[in-house]
Each structure stands twice: as C-alpha cells, then as structure tokens.
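Participant: Chains A and B supply the protein sequences, listed in that same order. Under our numbering, think of the first position of the first sequence as 1, with each following residue one higher. Under our numbering, think of the first position of the second sequence as 1, with each following residue one higher.
These are calculated hints, taken from the structure and not from any lab test. Glycine residues also receive a C-beta, built at the ideal position from the N, C-alpha and C atoms. A couple of the hints might just be wrong.
[To be verified] Here are the computed lysine to aspartate or glutamate pairs in the EDC-like style, where the Cα-Cα straight-line distance is at most 20 Å:
1) K21(B) x D3(A)
2) K21(A) x D3(B)
3) K27(A) x E65(A)
4) K11(B) x E2(A)
[Said to hold, decoys possible] Each pair of labels, with its calculated beta carbon distance range:
5) A379(B) x L321(A): 53 to 59 Å
6) D167(A) x S166(B): 25 to 31 Å
7) K89(A) x T46(B): 30 to 36 Å
8) E65(A) x G163(B): 44 to 50 Å
9) F4(A) x K301(B): 37 to 43 Å
10) K28(A) x E115(B): 26 to 32 Å
Number of protein chains: 2
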Amino acid sequence: MEDFVFQNTAKIIFGKETEKKAGSEIKKFGGKKVLLHYGGGSIKKTGLYDRVISSLRENGLDFIELGGVLPNPFVSLVRKGIRLCKENKVDFILAVGGGSVIDSAKAISIGCNYEGDVWDFFEGKAEPEAAVPIGVVLTIPAAGSESSVVTVITNEDLLIKRGYHSDALLPKFAILNPELTMTLPLFQIACGASDIIAHTLERYFTPTKNRDLTDRLCEGLMMSVIKNAEFVLSKGKPDYDSMAELMWASTIAHNGILGTGRKEDWATHKFGHELSALFGITHGASLSIMFPAWMKYVYMKNLDLFVQFAERVFSVNPEGLKKEKIALKGIECLEKFYIKVGLPTRLSETEVDLSKIDEMAEKIVSRGPVGNLVKIEKADAIKIYRLAI
Amino acid sequence: MEDFVFQNTAKIIFGKETEKKAGSEIKKFGGKKVLLHYGGGSIKKTGLYDRVISSLRENGLDFIELGGVLPNPFVSLVRKGIRLCKENKVDFILAVGGGSVIDSAKAISIGCNYEGDVWDFFEGKAEPEAAVPIGVVLTIPAAGSESSVVTVITNEDLLIKRGYHSDALLPKFAILNPELTMTLPLFQIACGASDIIAHTLERYFTPTKNRDLTDRLCEGLMMSVIKNAEFVLSKGKPDYDSMAELMWASTIAHNGILGTGRKEDWATHKFGHELSALFGITHGASLSIMFPAWMKYVYMKNLDLFVQFAERVFSVNPEGLKKEKIALKGIECLEKFYIKVGLPTRLSETEVDLSKIDEMAEKIVSRGPVGNLVKIEKADAIKIYRLAI
C-alpha cells in the first residue's frame with residue numbers, strides 16, 4: 001500500500017423525504033443567502049423544486065436562483081453564476097440535480113472569491129483561496145460529485161471538457177433520497193451505472209503493487225452496481241431498493257476511499273471527455289464505449305490484474321483457460337453488461353465523426369501523457385480510439 | 001436500505017514515518033497544551049515515544065503525560081487523566097497506542113468539561129456538552145477506535161465493561177504507520193484481526209432486508225483480513241504490506257461506513273465484554289470464542305444470510321448441500337480461521353469460571369434484551385455461553 005492522507009467531511013443524509021432537510025442543513029452550516037442552482041425543468045415537474053423552496057423558506061433563508069445547467073455544464077453559465085453570487089452576496093450554494101449541476105455549483109463556489117476568470121483554475125493558473133460552501137440535493141446516482149473534490153466543466157468556446165481537483169470543492173452536505181430517482185429515464189440510469197463503474201475502474205486498474213483490501217472493496221461495489229442496474233433495466237422501471245443501492249454506490253465510488261493507498265489511472269475518462277466535448281455524447285455512454293477499448297489495449301501488460309477482475313467481478317471460471325483468455329472474458333462480460341443495460345460499446349453506434357480521432361488524441365495528451373497503469377501517448381490514444389470503432 | 005446519516009470527519013494520515021507529523025497536526029487543529037496518553041512501556045522501548053516527543057517539541061507544543069493504560073482500560077485512570085487535564089488546562093489529547101489507550105483518551109476528553117463523575121456517561125445519566133479534541137498515533141490494527149465515535153471502559157469497582165457512543169468522541173486525526181506494528185506479538189495481531197472481523201460481523205448479521213452493497217463491502221473486508229492475518233501468522237512475523245492492509249481494515253471496519261442503511265447487532269460484543277471484565281480475557285480472544293457460539297444459536301432463524309456468508313466469504317461450495325449444512329460450514333470455516341491464527345474458540349481453553357455464566361448472562365441483559373438479528377434474553381444468553389464451553 002502506498003502512503004496516503006484520507007479525509008472526507010461531507011455529511012450524507014440518506015433516505016425518504018430527506019430533501020425537506022435542505023433548509024435546516026444550510027442553516028447548520030451557517031448559510032443565510034442561498035443560490036439555488038439546477039438544470040432543466042424536471043425538478044419543477046416533479047415537485048422537488050417546490051419542496052426545496054418550502055424548506056428554505058421554513059428556515060428563514062433568503063435565496064436567488066439560477067437554472068439551466070446542461071449536461072457537460074458550460075463555463076459560460078458558471079461565469080453567470082459567479083456574477084450573480086457576487087452581486088447578491090450569496091453565502092451558500094444549493095445544487096439540486098445530478099453531477100452536471102453539482103459540478104457547475106462547485107465551479108461557481110471557487111469563482112466567487114477570485115478576481116480573475118474561473119477558467120484559470122482549469123488551466124492550472126490559479127488555486128482557490130476560499131470557496132462559498134455548497135450543499136447538494138442529488139437526483140441521479142452517477143457522478144459521485146456529491147462528496148468528491150472534483151468538478152468537470154466544458155469550455156464551449158475552446159471545445160474543451162476539463163476536470164479540476166481541490167479540497168475546497170467538497171460539499172458540506174449531500175441529501176440522497178432514492179425516491180427522487182423514480183422518474184429517471186432508463187438510459188440515464190444506465191449511464192449513471194456506467195459512470196459509477198468507471199470511477200471504480202479508474203481506481204482499480206492501477207500499477208500499485210501490494211494491494212488487497214481496496215481491490216476487494218472495488219470489486220464488491222462493482223458487483224452490486226451491475227446487479228442492481230441489470231435488475232432495474234430488466235424490470236423496465238426504477239424501484240426504491242435498487243436505486244438506493246446505486247445511489248449509495250455512486251457516492252462511495254467517488255468519495256476517495258476506493259483510491260486510498262494507490263495511484264489512480266483516469267486515462268479513460270479523458271477519452272470520454274473528448275467525445276462529450278466535441279459530440280455531446282452522454283458521459284456514461286462515452287465511458288461504456290471507451291473502457292472496453294482501453295482495457296483491450298492495456299490488458300496484456302497487466303494480465304494478473306485483469307484475470308483477477310474477470311474471476312472476482314464476473315465469476316469467470318478459469319479452469320482450462322490461459323490467463324489471456326480469462327482476462328479477455330472479463331472484458332467481454334463488462335461489454336455484455338453495458339449492452340444489457342442499453343449502452344453503446346462502439347463509436348460506430350454514435351454520431352461521432354471518426355475523422356476527428358487525431359484531433360481528440362492530440363487534445364488528450366496536450367499536457368503530457370495520461371494514465372498510470374500504462375502511460376498513454378498520442379499514438380496510443382489513436383490506437384485506443386480505433387479499437388473503439 | 002434503511003435511512004441513515006453518515007459523516008466521519010477524522011483525518012487519516014497513513015504511511016511510513018507519519019508519527020513525525022503528530023505535532024504539526026495537533027497545531028493545525030488548534031492544540032497548544034497536550035496530554036500525551038499511552039499504555040505500558042512498549043512505546044519507550046521502540047523509540048516511538050522519543051519520536052512523538054520530538055515532533056511535539058519541534059512544533060512548540062507544551063505537554064504533560066499520563067502512561068499506564070491497561071488493556072480493558074480502567075475508569076480510575078480516566079478519572080486521574082481528567083484531573084490532570086483540568087489542573088493543567090490541557091486543550092488537546094494525543095493517544096499513542098491501541099484501542100485501550102484511545103478509549104481511555106476519549107473518556108478523559110468528555111470528562112474534562114463535565115462537573116460530575118465520568119462514569120455518569122456510561123450509565124446514561126449525562127451527555128457531553130463539549131470534549132477536548134483528540135489525536136491518535138495508532139500502534140495496533142484492531143479496535144478501530146481511531147475513527148469511531150465509541151469508547152469502551154471498565155469500571156473495576158463494579159466489574160462492568162461498558163461502551164459509550166457520542167459524536168463528541170470522534171478523533172480529529174489518526175496517524176497510521178504500519179511500521180509501528182512490526183514488533184507486535186503474533187497473539188496480539190491475531191486478536192486484532194478477530195476484533196476487526198467482529199466489528200464487521202456485528203454490522204453484517206442484522207435483520208435489515210433490502211441490502212446489497214454494504215454486504216459486499218463487509219465480505220470484501222473480511223476476506224482481506226482473513227488472508228492477511230493468516231499470511232502473517234503462517235510467516236511467523238509481521239510484514240509491512242500485510243500489516244498495512246490490516247491497519248486500514250481496522251479503521252474502515254469501524255468508521256461507520258459498513259453500518260450504513262442497516263440496523264447493527266452488537267450482542268456478541270456484550271458477551272465478550274463480560275469475559276474481559278470478570279476474567280481479563282483479551283478482547284479479540286473473547287470474540288473468537290463468542291462469535292461461533294452466537295452464530296450457532298441464531299443461524300437457523302436467518303439461514304439465507306448465513307448461507308451467503310459461507311459462500312461469499314469462505315467460498316463454501318453449495319453443490320448438493322442443504323442450506324443448513326452450507327451455513328454450518330461457514331461457521332466452521334470461521335472457527336478454523338481463528339484456530340489457524342492461534343486464537344481460542346472455546347471457554348474451556350481459558351481460565352473462565354463456568355459457574356459465573358448465570359451472573360454474566362444477568363449482567364448482559366441488565367438494561368433489557370440485546371442484539372437485533374435475534375433479541376437475546378437472559379435464557380438465550382445462558383444457552384449461548386454454554387454453546388461456547
């Protein structure tokens with residue numbers, strides 16, 4: 001195990017009707033003037049907007065609001081949020097939505113105490129000195145942003161989707177009510193499951209030797225996500241118990257605990273980000289396409305780890321099989337899972353313009369090789385995209 | 001999954017030579033006048049005491065000290081610590097040791113701001129209003145007290161060992177350096193592994209229906225502990241990598257995450273506490289005796305869960321076997337593990353006076369039935385102790 005520091009102070013409030021606690025939690029964390037940040041109209045249709053507003057009012061909280069966050073959230077809206085917060089002296093941001101809304105809120109939170117442009121953080125030109133505290137009411141199990149120190153924002157002028165890490169980005173609290181997921185389209189649930197698994201795989205396929213416990217926890221989490229996602233998709237509609245498992249898994253997969261004591265990889269996310277930035281591919285779908293391709297490119301150099309994955313996560317029977325064959329069966333099982341829940345596994349299933357592969361590969365390595373299990377250079381990136389065709 | 005709130009703010013600093021950070025961490029958390037609390041002389045023999053003292057001095061921290069904590073720590077020493085802290089206006093307690101030292105430090109920390117006797121908390125007569133902050137340098141992977149909200153103290157006048165829960169008891173930071181475990185006797189390592197597994201079993205064998213992810217995490221953790229404990233014991237001495245896995249497992253097993261969304265049980269710990277209070281049985285050994293007995297008493301009423309335990313944790317092959325037989329094989333495997341690492345599994349291997357069974361059973365239920373999977377009354381408690389003979 002490698003040395004590490006782990007701390008995650010986010011308070012998780014999990015269960016039925018917990019969105020009613022949003023106001024009292026904000027008060028506990030010292031908020032008085034709130035920015036309510038959300039996406040499209042879905043929270044108004046479902047009544048969630050009204051319940052949250054009531055909770056804020058009951059607790060005597062003043063608020064302004066900014067809706068309209070899109071998937072792969074834009075830096076332009078972040079900039080608008082920062083202006084709003086500065087003008088209105090906002091001291092707490094409540095994100096009501098999924099990963100995109102939370103990530104947008106996080107970017108706003110570090111921009112409020114910074115004089116320059118918020119994209120500076122994503123360019124590595126600035127570090128936040130302070131952030132407006134954030135709370136979350138989560139509506140989709142996926143990104144894990146509710147208790148992570150990461151935000152991923154798209155600069156629509158530069159056509160770049162990029163992540164930024166800082167302890168300042170950790171939400172103070174996250175409200176997780178699986179009831180809020182009952183109206184989600186099945187494709188979104190599948191994309192969420194893919195995102196959760198991807199967060200785990202980025203921490204699982206790493207070069208760190210001397211590892212045991214964290215592998216076991218990663219494997220257990222992936223088995224649970226696969227089981228519950230398959231159940232929901234086969235049933236054709238979300239049920240509370242399965243969505244509860246997926247929701248808690250989304251948080252644990254990304255709260256840092258599964259990455260303790262090891263290097264993480266994160267190459268595959270970068271492949272996915274390019275597909276989202278250029279062609280608007282949903283994040284989870286970009287990962288169900290790119291993970292099998294990346295795995296096929298790297299497995300031969302890390303055979304034992306891929307054999308372990310196959311045997312433990314998918315119960316591949318190793319009897320009479322060579323290691324290479326076992327490893328390939330594991331990758332095949334993962335692809336079959338994606339297909340079963342309705343996700344694409346090839347670029348040819350999407351509208352992606354294949355002539356852009358060179359451009360995407362160039363962008364991926366624009367700040368040097370990516371990944372840790374295998375260092376991915378531009379030539380590797382091109383081959384991996386081609387494996388995904 | 002049941003509704004829950006989860007938050008664990010403890011900062012974990014894991015790795016080689018991390019004890020040197022004790023002073024700077026205390027400073028970060030605002031400490032100026034420190035009580036250094038420890039057990040017997042082992043930390044002086046190994047040089048740990050000197051390294052910690054140096055770290056305090058380098059950071060300009062004033063300190064007093066109180067050693068002498070025994071296993072199953074006594075309330076008398078806690079009272080002495082409270083007097084010392086009050087007289088010297090201590091504002092931070094550093095526990096250097098294992099679960100007993102940490103638990104003693106925790107009890108001191110809540111006693112410092114309380115006018116009455118500290119045992120009041122354990123009798124349910126008082127709630128702490130404030131606590132002196134605590135930091136930990138951990139020397140043995142076992143109790144998980146380094147990031148738990150529990151303390152277990154023995155009242156040597158009343159011959160009662162009792163736990164107390166409060167969020168005020170959570171340490172601010174815990175330093176985990178596996179190098180510090182290299183001089184531990186093998187029996188202590190085995191007892192530690194037993195304690196970690198017991199903390200997990202108390203959260204695993206519960207009546208909560210609709211469960212999946214947390215079961216998987218519990219199972220993965222137990223498999224890792226069993227593997228690494230067996231490896232150390234078979235090798236005859238601790239090695240860094242295995243001890244690192246055990247150390248991180250001890251923390252995760254008891255930081256609350258494995259109990260999310262479910263009722264916990266905790267009957268078996270009470271059986272063990274009586275053996276420790278009356279006969280000084282080491283905590284981990286009391287649990288390797290009492291868990292198999294408790295399991296044999298309750299498994300028939302919860303067959304599916306015990307079958308799952310057998311198949312997943314010990315890979316019991318269910319083919320051609322009835323559920324009852326599979327469940328029993330799982331219990332047998334657990335007993336074999338305990339025996340393999342040198343732990344007792346029967347009261348008859350110890351100096352326990354069997355004529356005291358009635359008295360112990362009486363004490364266990366003195367505040368009502370215990371446990372959640374099965375409610376244990378006095379008559380059940382007697383039968384469980386007899387199964388352990």
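Participant: Each hint: holds or not?
Facilitator: How the hints compare with the structure:
Under the criterion of a C-alpha separation no larger than 20 Å, the hint pairing K21(B) with D3(A) is consistent with the structure, at around 13 Å. Restraint check for K21(A) and D3(B): satisfied, since their Cα atoms lie roughly 13 Å apart, inside the 20 Å limit. Taken as a hint, the K27(A) and E65(A) pair is honoured in the structure, with Cα atoms around 18 Å apart against an allowance of 20 Å. With a CA separation close to 17 Å, the supplied pair K11(B) and E2(A) stays within the 20 Å bound.
Taken as a hint, the range 53 to 59 Å holds for the pair A379(B) and L321(A), whose Cβ atoms sit roughly 54 Å apart. Against the hinted window of 25 to 31 Å, the Cβ-Cβ separation of D167(A) and S166(B) comes to about 27 Å, which satisfies the hint. Here the CB-CB span from K89(A) to T46(B) is close to 55 Å, at odds with the stated 30 to 36 Å. Between E65(A) and G163(B) the beta carbon distance is about 46 Å. The supplied range of 44 to 50 Å therefore holds.
A hinted range of 37 to 43 Å holds for the C-beta pair F4(A) and K301(B), which are about 42 Å apart. For K28(A) and E115(B), the Cβ-Cβ distance of about 28 Å falls inside the hinted range of 26 to 32 Å, so the restraint holds.
Of the hints listed earlier, the one the structure fails to meet is number 7.
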